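**Student:** Chains as they are written, first to last, in the working numbering: chain G, 100 to 303; chain Y, 299 to 487.
Think of the hints as simulated: they come from the structure by calculation, not from any bench.
Fair warning: this is a prediction, and the values are worked out from it, not measured in the lab.
Don't take each hint at face value.
Going by beta-carbon spacing under 10 Å, a handful of chain Y positions derived as facing chain G [unchecked claim]:
| no. | residue |
| --- | --- |
| 1 | R307 |
| 2 | P336 |
| 3 | F341 |
Even for Gly, the Cβ is constructed at its ideal location relative to N, Cα and C.
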Amino acid sequence: MPYPVAAVRGRFAGGAAGAGYLVYDTFTDTNATPLVSHTPDTAPVGSAWAWMFGTGLSIQSNSLDCTGGTPSWANIDSGNANVSVKAATMILGTYVGLVARGTGDVAENEGIMFHCQTTEDAYALFANQGAYTEIASAAATLTPGDVVTNAELNVNGTAIEFLIDGVSKVSATSSVWLTQTQIGIHGYNENGTADWDDLTVTAL
Amino acid sequence: MKAIFLVCRRIGDGKSPKAAYRPWFKEGTGIAGWAGTPIGDEFAGNVFHKEQSILDLISTSPLTEFVIPIEVTGKALGWKNKDADLPANTHGKITSWIAKAGLQKLDPAFKKPGQVAKHIMAQVSGVESVDPLNGFRVHWVEAPTMGAKVLMAMRPMKVKATSLHDRINIWGENINKRFENWVKSLWSK
Numbered sequence: 100m101p102y103p104v105a106a107v108r109g110r111f112a113g114g115a116a117g118a119g120y121l122v123y124d125t126f127t128d129t130n131a132t133p134l135v136s137h138t139p140d141t142a143p144v145g146s147a148w149a150w151m152f153g154t155g156l157s158i159q160s161n162s163l164d165c166t167g168g169t170p171s172w173a174n175i176d177s178g179n180a181n182v183s184v185k186a187a188t189m190i191l192g193t194y195v196g197l198v199a200r201g202t203g204d205v206a207e208n209e210g211i212m213f214h215c216q217t218t219e220d221a222y223a224l225f226a227n228q229g230a231y232t233e234i235a236s237a238a239a240t241l242t243p244g245d246v247v248t249n250a251e252l253n254v255n256g257t258a259i260e261f262l263i264d265g266v267s268k269v270s271a272t273s274s275v276w277l278t279q280t281q282i283g284i285h286g287y288n289e290n291g292t293a294d295w296d297d298l299t300v301t302a303l
Numbered sequence: 299m300k301a302i303f304l305v306c307r308r309i310g311d312g313k314s315p316k317a318a319y320r321p322w323f324k325e326g327t328g329i330a331g332w333a334g335t336p337i338g339d340e341f342a343g344n345v346f347h348k349e350q351s352i353l354d355l356i357s358t359s360p361l362t363e364f365v366i367p368i369e370v371t372g373k374a375l376g377w378k379n380k381d382a383d384l385p386a387n388t389h390g391k392i393t394s395w396i397a398k399a400g401l402q403k404l405d406p407a408f409k410k411p412g413q414v415a416k417h418i419m420a421q422v423s424g425v426e427s428v429d430p431l432n433g434f435r436v437h438w439v440e441a442p443t444m445g446a447k448v449l450m451a452m453r454p455m456k457v458k459a460t461s462l463h464d465r466i467n468i469w470g471e472n473i474n475k476r477f478e479n480w481v482k483s484l485w486s487k
């Protein structure tokens, strides 16, 4: 990846504070704050981060790191089922991803998921109903530490698509979880390399 | 870019991303891209690769039940390529048929795919003792776009279609057309 971390991290921070977003989180907080103890910049009233699996997601240097857990997964309710979930920057570890259409059922592994998989050199989409179920993938050369900008998981009706900087990388269709409104952050077998920053959720 | 539509064996236990339920060809074939839908213990979907030899390898594997070659123009991957042409029946090597037309039209006693296949084959061939499978493998497929389960009978590409297959036209419906429309509906979503 051509982007040094320092050059891209925080590029989103100059925008209006959450205007137009269902969820907006710059992950600005005290180091080591667990994600579920952190309040996003913008979120629906009463909506808060909650663990689905593990507890390895925490704030570090005003971004979100994953320091372990198989997996570490937290959701927050966006209030909308058809959404674009975007991380302005995402640093790859082993299985770094985003979630949409999460049900909020703890430890049930439910939702539409995207991963950058460095161990398989692939972008992959999942429609999980209690188990990891891969529904699409596309080959890519991915290395831990790579910085991906504008990593975007879109779910709209049955259409599912992952894009980087607006360019489609992998897409699929699924009728699994059409009405669920939670979005999430997911990391698997991470050792601290994985990182997300400037998360926005927009209605589609 | 070359592509096939296929139904194939599923692998994995779903307990981790690496061991996710996925089509068998995900491992070791160098596949550039695929997208599909899990159906029971199998996957139905599209596979893409620039080398026809890789697709041939997948097509002829015993882990792959059924294949339709698809000509893809352009570089787009996935289900979004609405301009991709499905092959016409005359050159698509479609060695399968679907019997659906509403399960209510079938005798309620027919609960198993093999029984239904036997009934259909007997109907269309006029031979009561016809081999119900006749080289086809049969199973049920969930097809929401058709409103019900579908009986899909399929045979590998490497097996030549029989004249019986060519004659299949159940209850006045054009089965091949229905099949093509079904696949097209999946493709265009």
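**Student:** Could you run down the list of hints and mark each one as holding or not?
**Tutor:** Right, here's what the structure says about each hint:
1. R307: violated, 14 Å
2. P336: holds, 6 Å
3. F341: holds, 9 Å
Comparing the model with each numbered hint stated earlier shows that hint 1 is the single one that does not hold.
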